[in-house]
Structures are given as C-alpha cells and as structure tokens.
Amino acid sequence: MKEQTFFNDPAVDRLMGVVFQLASEVYILKDRVKALEKLLEENGIIPAEAVENSAEVLSPEEREKFINRIFEPIIQAEKASSHVAEEYQLE
Amino acid sequence: MVVAAQNQRKRVEVRPDRSTKAYQDFLLGAKLFWTRQMYSALHKEYQDKVKARGGKEPETYAETEKMMQGPLYSFFGWFERHIQRLKYSDKYYGLVAAVNRQRSELLEALENLPPSKFLKLNPDIEFPHYYKAVDFHQHPGGVAGDELAGFVYEYARKTTTPLHIHEDDIHFRLAKAVPKGDYKRILDFGCGVGKSTYPFKDLYPEAEVHGCDISAPCLKVAYLRALESGREIYYSQENMEKTSYPDEYFDLIHTTFIQHEFPLKALEKITREAFRLLKPGGLYVNLDFHSAPGGVFGKFCYFGHSKRNNEVFMRAFHDFDYLGLLRKVGFKSAEMLPFDDGTGIVAQNEVPKAWRFPWQLFISRK
Ligand SMILES: C[S@@+](CC[C@H](N)C(=O)[O-])C[C@H]1O[C@@H](n2cnc3c(N)ncnc32)[C@H](O)[C@@H]1O
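Protein sequences appear in the order of chains A and B. Counting from 1, one number per residue, gives the positions in the first sequence under the working numbering. Counting from 1, one number per residue, gives the positions in the second sequence under the working numbering.
Only chain A is shown next, with the shape it has when bound in the complex (with noise of 0.2 Å):
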C-alpha cells in the first residue's frame, strides 16, 4: 500500500520528513546535552570549557548513521507502515 502524500508535490512531503526527524533529533540531544551539562555542574566533575576544548569525539560510523537516519526519507519508498485492505481504502 502507498503512503499517503499531502503537498501537491511529493518532494514536499519527504521534505518535511527530513525536517521533522532533524527537528527530533535535535530535541534528543537538547535533553542529553542539559542532562550531563546538570550533572557535571552538579558534581563539580569539570568546568564548561573542558568540554569546548576537548578532542572530536564521533566516529565516522556514528557521523554515517546519524547521516542516514536525517536523509532516509529522502530514499524511502512509499510504503505505508500500516495496512487497510483494498476494499475498505477511503477515498
């Protein structure tokens, strides 16, 4: 069964898709962020700028995920992920 598509042109729909999971994933990361920032403050463990100048952290296999899960819908077919029978699919 095909997704459902709601902008005259589809493009749009899978662009929204983009934004929508970038916007998602910079909300988890607003909230892990804040979290160890809380925790670090609140155990004195190191001051803000350790973090500013500490060595590049992500691997190129993270940067390759993080990358695949933004653009996937880009690549997506349109296949819905749930399913209504023929016969019963409104118009």
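Quick caveat, the hints were computed from the structure, so don't treat them as lab data. Glycine included, C-beta positions come from ideal geometry on N, C-alpha and C. One or more of the hints may lead you astray.
Computed footprint of chain A on chain B, listed as stretches where at least three residues anywhere in the stretch have a Cβ under 8 Å from a Cβ of chain A [claimed, not checked]:
(1) 15-22
(2) 138-152
(3) 318-331
Below are the DSS-like pairs computed for lysine-lysine, each with C-alpha atoms no more than 25 Å apart in a straight line [to be verified]:
(4) Lys-65(A) to Lys-30(A)
(5) Lys-21(B) to Lys-38(A)
(6) Lys-66(B) to Lys-44(B)
(7) Lys-79(A) to Lys-91(B)
(8) Lys-30(A) to Lys-353(B)
(9) Lys-242(B) to Lys-120(B)
(10) Lys-2(A) to Lys-332(B)
(11) Lys-10(B) to Lys-65(A)
(12) Lys-65(A) to Lys-91(B)
(13) Lys-176(B) to Lys-10(B)
(14) Lys-30(A) to Lys-91(B)
(15) Lys-332(B) to Lys-176(B)
(16) Lys-21(B) to Lys-10(B)
(17) Lys-2(A) to Lys-79(A)
(18) Lys-132(B) to Lys-269(B)
(19) Lys-30(A) to Lys-269(B)
(20) Lys-299(B) to Lys-353(B)
(21) Lys-91(B) to Lys-2(A)
(22) Lys-2(A) to Lys-66(B)
(23) Lys-79(A) to Lys-332(B)
(24) Lys-34(A) to Lys-21(B)
(25) Lys-132(B) to Lys-184(B)
Pulled a few chain B residues facing chain A out of the computed Cβ check, cut under 7 Å [claimed, not checked]:
(26) Phe-26
(27) Val-134
(28) Asp-135
Model the placement of chain B with the ligand on the given structure of chain A, informed by the hints.
Chain B with the ligand in isolation, oriented as in the chain A frame:
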C-alpha cells in the same frame, strides 16, 4: 494477605531508553502544536475562505477539502498522519522498536503468567475479515498481530488524547457517568488492555467484573496488570459478535472506543449480542464518537482524521442512526448524551477550540 503478596509483583514495563523517551516526547509536543495552533489556524483559514465566497459554506466533505487545498492543510494532514505513524513505526525510536528491544523479557513475562480462572484464552478463535484487513490508528499489524502488541497499544494510549491529564482519566469519567446501580456483574465489551475495565472494579468493588476482547496479546497485558494491582477481574477471549457467555448474564455492559471500528453489519450483530447478554432492565453504555460538533468544519476535520488514521469505518458510524439500531434490536430506551472528556462539553453547533474526538455517551436500557 494474598492481595498484599500480589501487590509485591514487580511491575513489568516497557522502558524506552532516554533517546526514545525524548523522541516520543517530541512527538507529543508536535501533536499538541497540531491539536491547538495548526487546528486553530486551519479554522481561521476556513472562515476566511467562506467569507471570500460571500459567506457560503461548502456543503460536502469533498467540496470542503477542495476549498481548503493549500500549504496549511497540507502540513495539517502531514502532521496528523505522520506523527502517529512515527510514534509506532519509527525504526529506531518507535514503540514497536522499543518493545522489540525488550522482546525476550516481555515475552517471558507473558509466558509465565500463572494459569487461572481470571484469564480464559481461545486459540481457535476466528477473526472477522475487517479486523485483519485494517491496521486501525496505524498500529502496524493491529492490536492482535504480534504477541507483544498489547504492550505497544498500552504505551501508545498515553498520547492518543494529548489534552487529557492522564490517559486513564477518560475511563474513570465513563465509570462515574454511568447511572449508579446495584450491578452484580459488569462486562467491558472489547476491553483491550483493561484500561476501560478496572475503573468499574474500583467503583463497584463488590461486583464481578469481566472484560472480553478478541486480542489475546491485549488480554494478557490486561490480566498481568490486574495481577500486579491485586484486582480480581475475569478476562476472556471472545468475538463480540458471538460470545460464549450465557443469556442474561450481565447487569451492565459498557464499551469504550469501539463502535467506530466496526462495519455496520458487524455493529448490528454486536448490538444484538449485547442485548442477549443483558438481564431485562440491564444497561448498555457506549462511549464513542458520533455527530461531530462544529458544522461543516467539524465534520471536515473528523472525516479527514478517518482517512489519515486508517479509521475506515468511522465515517459510516458517524452518519449512522445508531439510536435507531439500539431500539430496533429491542432496547426499551436509548439516548445519546453529551459527555465531558475533561476538556468540557462541546455543543453541537460550536466549533471546538482545539482538535478533539466527538465524544458521545449512549445509554440504553433493556
Ligand atoms: C480501540 S480498542 C479499545 C479498547 C478499550 N476499550 C480501551 O478503551 O482502551 C478496540 C478494541 O476492540 C477489540 N475488537 C475489535 N473488534 C472486536 C471483535 N469483533 N471482538 C472482540 N474484540 C474486538 C480490539 O481487539 C481492541 O482491543
């Protein structure tokens, strides 16, 4: 003492990781934005467009859809469809994925449920065609497709009605809205994971409380939760069209979130079955969606929801003379009453301030 021991059972729970929780929280935020801001903007656009046509409102759903075409309606539709889709089906942070990460642990919990008179399963039950043909509200595979579907449904219900304080509030409201009576035996007809069942046990602790559903995965979760909370509730796997209970067995039968999921033919069978199961003078209570308030715009939103959320029988039920059916099968009285879902009662001609289901309460007496 037995009850105390049961209370000590460790609660079996779906524990999404931190990122999944943040993702689901993001979806909830997006859904609230859709429920309030996008919906209000859409309503304003509707009013402006009607004004531009000299005040002439469109007459049909199709005409309204045509009039509303444009970027805002596109985004509105996209959000409505995809927030719900991603809630279940996002590959990493969806509820199906979260439950699958705990697959062996959750399966074990269900397999180790102690056999008891409180859970009656029927592995030979036959599912009606419409049940298997539609993934209602975009739950992939439906609520009986996977052994762990009950856990997914239970978790998903947290955000079905984002304006409610707690997802179980609606069920307590129903229990309280039912006219008080000396109910000896009560049935939750189509009980799912038992969220709509247990408030009746709490309100009528002396009553024998039953719940039936066709989905074994849901019933197992319902039974598990009853065990954990020390409630005695009888769950049974039944097809509501033809159950195994004797005639005139119940004083009160109630349903929640159900009528709109049936094709009209099945609805008639189910209504007849409820009538058979009730004692003379017994009450049949249905909490469901009907007669959407808000005129053309209200109907337009509701009918659109039906398509965008795989609720394929919703429209037919909306336009159906359900009270007529209740009277036809023999109920002496049947009425449709306004129901406060916690966001206030919305009058027929009023356009709701935020998107909401058109709740109605049906009360019929045999
Ligand atoms: C939307 S859920 C509502 C569950 C519950 N009343 C609640 O409020 O959470 C609908 C339920 O109806 C059940 N159902 C649908 N058709 C049925 C049938 N023919 N016989 C028994 N149960 C059925 C489904 O398995 C599902 O659990």
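Supplied contact hint for Val-134(B), tested at 7 Å Cβ to chain A | Because about 5 Å separates Val-134(B) from the closest Cβ in chain A, which is inside the 7 Å limit, the hint holds.
Under 7 Å, Cβ to Cβ, is where Asp-135(B) needs to be relative to chain A, so tell me if that hint holds or is violated.
-> holds, 3 Å
Proximity test - 8 Å, beta-carbon atoms, the region 138-152 of chain B to chain A, at least three hits | Coverage by chain A holds here, the residue count being 4 at a Cβ distance below 8 Å.
25 Å limit on alpha-carbon distance, applied to hinted pair Lys-21(B) and Lys-10(B) | holds, 21 Å
Starting from Lys-332(B), check that the Cα of Lys-176(B) is at most 25 Å away, please.
-> holds, 23 Å
Quick one, are Lys-30(A) and Lys-353(B) close enough, alpha carbons at most 25 Å?
-> violated, 31 Å
25 Å Cα cutoff - pair Lys-34(A), Lys-21(B) | holds, 15 Å
25 Å limit on alpha-carbon distance, applied to hinted pair Lys-2(A) and Lys-79(A) | holds, 5 Å
Holds or violated: are the alpha carbons of Lys-2(A) and Lys-332(B) at most 25 Å from each other?
-> violated, 46 Å
Would you mind confirming whether the straight-line C-alpha gap from Lys-65(A) to Lys-30(A) stays at or under 25 Å?
-> Judged against 25 Å, a Cα distance of about 19 Å means the pair holds.
Holds or violated: Lys-65(A) with Lys-91(B), Cα cutoff 25 Å?
-> holds, 13 Å
Hint consistency between Lys-299(B) and Lys-353(B) [alpha-carbon to alpha-carbon, up to 25 Å] = It holds: about 14 Å lies between the C-alpha atoms, which stays within 25 Å.
Hint compliance for this structure: hints 3, 8, 10, 11, 13, 19, 23, 25 are broken, all remaining hints hold.
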